[in-house]
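Novice: Sequence:
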Amino acid sequence: MPKMRASFQGLVRLLAKSLYPEPDVFVRELLQNAHDSIQLRQIAQPDPAGEIRIDADESTRELRFSDNGTGMDRRDIEEFLSVIGSTGTGSRARELAAREVAAATIGQFGIGLLSAFVVAERIEVHTRKAGADHAWRWINHGGEDYQLDALPANAQPPGTRVSIKLAAERGAFLDGRLLHQTVRRYADFLPYPILLNGFGPVNAVNAPWHEPDWRNAGERERLLTAFLSQRYADPPALVIPVDLARPKASGGLYIPARYAPASRTGGTVDLFQARMSIRPNDAEMLPEWARFARGVVDCPDLQPTAARDNVLRDTTYDALREALGETIVSTLLDLAERDRPRFLQLCDWQHDAIKGMAARHPQFGAAVLEHLPFETHQGQLTLPDYLSRQSPSDGKRPLYFFTHEADANQFYALCQ
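For what it's worth, my numbering labels the leading residue of the sequence shown as 747, then goes sequentially.
Bear in mind the hints are in silico, worked out from the structure with no lab data behind them.
Quantities reported herein were computed from a predicted structural model and do not represent experimental measurements.
The beta carbon of each residue, even a glycine, is placed where N, CA and C say it ideally should be.
Certain hints may be false.
Unchecked claim - Each pair of labels, with its calculated beta carbon distance range: (1) E1034 - A1152: 46 to 56 Å; (2) H1150 - D921: 52 to 62 Å; (3) D1140 - P1087: 46 to 56 Å; (4) A963 - L897: 46 to 56 Å; (5) E1151 - P769: 17 to 27 Å; (6) P937 - A1105: 37 to 47 Å; (7) N952 - D1131: 30 to 40 Å; (8) P1087 - Q1049: 28 to 38 Å; (9) R1086 - S1134: 19 to 29 Å; (10) E1034 - D980: 17 to 27 Å; (11) D1080 - P1026: 28 to 38 Å; (12) A972 - D921: 21 to 31 Å.
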């Protein structure tokens, strides 16, 4: 019986492009793999300090990613590097698990390397396991066949160097400015310095919530204000520290110091998972009513998708979303108590969104309701102002309102 045939090389490139729609994602994946390798080495050898290097060679159209991590031996190469979709289920993973070392990160190496085939015509890996007496060279052109050679120990220091021969149409990735922007976008908070063409580090390494002074409330607000002011165009009127225990999450939100017109979109969050950018400008993480908020949240408890460009919508995600909403509410309630003028200014700037917030939180609603402006046929009025204009009936003042926008439009048309 005739059999179906498939081009493995074509399938690899098709899978890579389907899984990773953004071509620059290979930078994120290779940096993540380097980070994981350094972490594994430092479990047994805290020294030397971890370091990641990126070097661009225009003459050969190559990008090289180097780390001084744990490196790989032949078994690691065959189990993790040469198996697309390996997720740490082999013998090496079981060995690490027995030592209570999480193997999920290194188990993604075969998946992460796949992203490079979106832009590469050849991938060459030089690696030596710390303490090993020889190194290895692995070469693949995107097909099922690969070349594996043993090398003398002096050919490669402990760690791994991944060399990507870029396809002719992908030469833009050799541009230093583009690489710098890509590193900052994806890996700004990786805890190891990332050097680009010998200069750096080009990443921040730590965010304010990684600093020792984070537990000091006054210093925390200062650090967070400076960080958010530099990261975003709108200056913050109020910073909202995020420091959650369950699910574990750190970061900072802010409310901008400007009027924000009503919007149908939610607030946005640059979402990180274990210091690595997963989803910039996520418009779903914050509750719908919090459309005035923006910021950065890092939650290592979130479960990333295979492409690591999103997270699973599971119970952890739902719990984080709810906790962030409660954090916003509690921060605004605290502001209402300690700095009433500043709180009222925020209510004036963000009154449309804050009304939706007040409708869902009775305690918050009670604190702000009489200060929020409402549209009436006599202009914008607060509820006390509106009621003061109503004639009392049986000791009560009526409050008239519309339940549907169409009814209001009809009424205004009649008034005119």
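Novice: Hint by hint, say whether it matches the structure.
Specialist: Consistency of the hints with the structure:
no.: 1; hint: E1034 - A1152: 46 to 56 Å; result: 22 Å, violated
no.: 2; hint: H1150 - D921: 52 to 62 Å; result: 54 Å, holds
no.: 3; hint: D1140 - P1087: 46 to 56 Å; result: 37 Å, violated
no.: 4; hint: A963 - L897: 46 to 56 Å; result: 54 Å, holds
no.: 5; hint: E1151 - P769: 17 to 27 Å; result: 44 Å, violated
no.: 6; hint: P937 - A1105: 37 to 47 Å; result: 42 Å, holds
no.: 7; hint: N952 - D1131: 30 to 40 Å; result: 49 Å, violated
no.: 8; hint: P1087 - Q1049: 28 to 38 Å; result: 43 Å, violated
no.: 9; hint: R1086 - S1134: 19 to 29 Å; result: 21 Å, holds
no.: 10; hint: E1034 - D980: 17 to 27 Å; result: 20 Å, holds
no.: 11; hint: D1080 - P1026: 28 to 38 Å; result: 29 Å, holds
no.: 12; hint: A972 - D921: 21 to 31 Å; result: 30 Å, holds
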